[in-house]
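A.B. asks: Numbering (this note's numbering), first residue to last: 344 to 622.
Just so you know, the hints here were simulated from the structure itself, not pulled from any lab data.
Just to be clear, a hint being listed does not mean it is correct.
Pairwise CB distance ranges (calculated) [stated by the list, open to error]: (1) D359 to R530: 50 to 60 Å; (2) A527 to G605: 26 to 36 Å; (3) R406 to R502: 37 to 47 Å.
Here the structure is a predicted model, which is why all the values come from computation and not from measurement.
Think of the CB as a built atom: it goes at the ideal place given N, C-alpha and C, for glycine as much as any other residue.
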Amino acid sequence: MPGMTHHGDALLSIGDFSRYARISVRMLRHYDERGLLAPADVDPYTGYRRYAPEQLRLAGRIRSLRDAGCGIPLIAELLPLFQESPATLHDRLEAHVAGLDEAAEQLAAQRRLARSLIAGIDAALPVVAERTFAPARVLALQRTVACYPAEGELWSDLRDLLASPAEVDPSLFGDLTGATYFDAEYRDDDVEMAIWREYHGPFTPRRGFEIVDLPARRVAWTTHRGEFETIGRATQALGEWIAQHGRTQVGPVFTVYVVGPGRVSDPEQWVTEVNIPIA
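Let's have the full structure, built from the sequences with the hints guiding it.
C.D. replies: If you want it as structure tokens, here you go:
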């Protein structure tokens, strides 16, 4: 490090330092260029680099941060915190872990989608039919959420409501469970939706929940099997059917969860009916 003085025989050659630190010579030179790990001594004539033994601890921190997914700029920010503020370092690393968790979820979703694409290469398009959707009295919660996957937040609120027997009677729920999506176009964020369950008991509006009477509707519908990331195949088939049959969409898309995450955890067993009101 700049300002450090060492007897020549106390310094390590770059080769030895590389071996002990388990960092390649090429990367040691790179870290020097980026200001992360400067040699303790550089021969002004030969350019030969030597390192102090105590720099091995710094090298180990760099290697660990690198292997934990930290880039050079983040490593440069975090290294001083080991000495200056371990508490701040702890918080910054926790934030990094949260970012890794989010990236892992996105990667897992991409992997599932790739698998579904493989499975669907030779699959036929979903079968679309027309039917009258019967009227229903439901307990509903409508809200604008960050994105479509954030629908789970609404179901979590419903679970919290169900945990209060004084507010709703679980025995008075029917089998019909679904969600309605009110935006006229697909949105990447700020999605208005409602989740609902058939309910046959009295209820005073609270916590954002209210009783809604869903009217009878003529719908084009199809069945989607599997995880929700691939439900686009169902809406594509419905859109094609509506156009080919000269029909018009007259209401928001809604889904019925025949078998959903609340019943089974395996996405391959999920069954969702996708409905579009038509005229």
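A.B. asks: Okay, R406 versus R502 on CB: inside 37 to 47 Å?
C.D. replies: holds, 44 Å
A.B. asks: Given a hinted range of 50 to 60 Å, is it respected by the beta-carbon distance of D359 and R530?
C.D. replies: holds, 59 Å
A.B. asks: Evaluate the given range 26 to 36 Å for the C-beta pair formed by A527 and G605.
C.D. replies: holds, 28 Å
Checked against the numbered hints given earlier, the structure satisfies every one of them.
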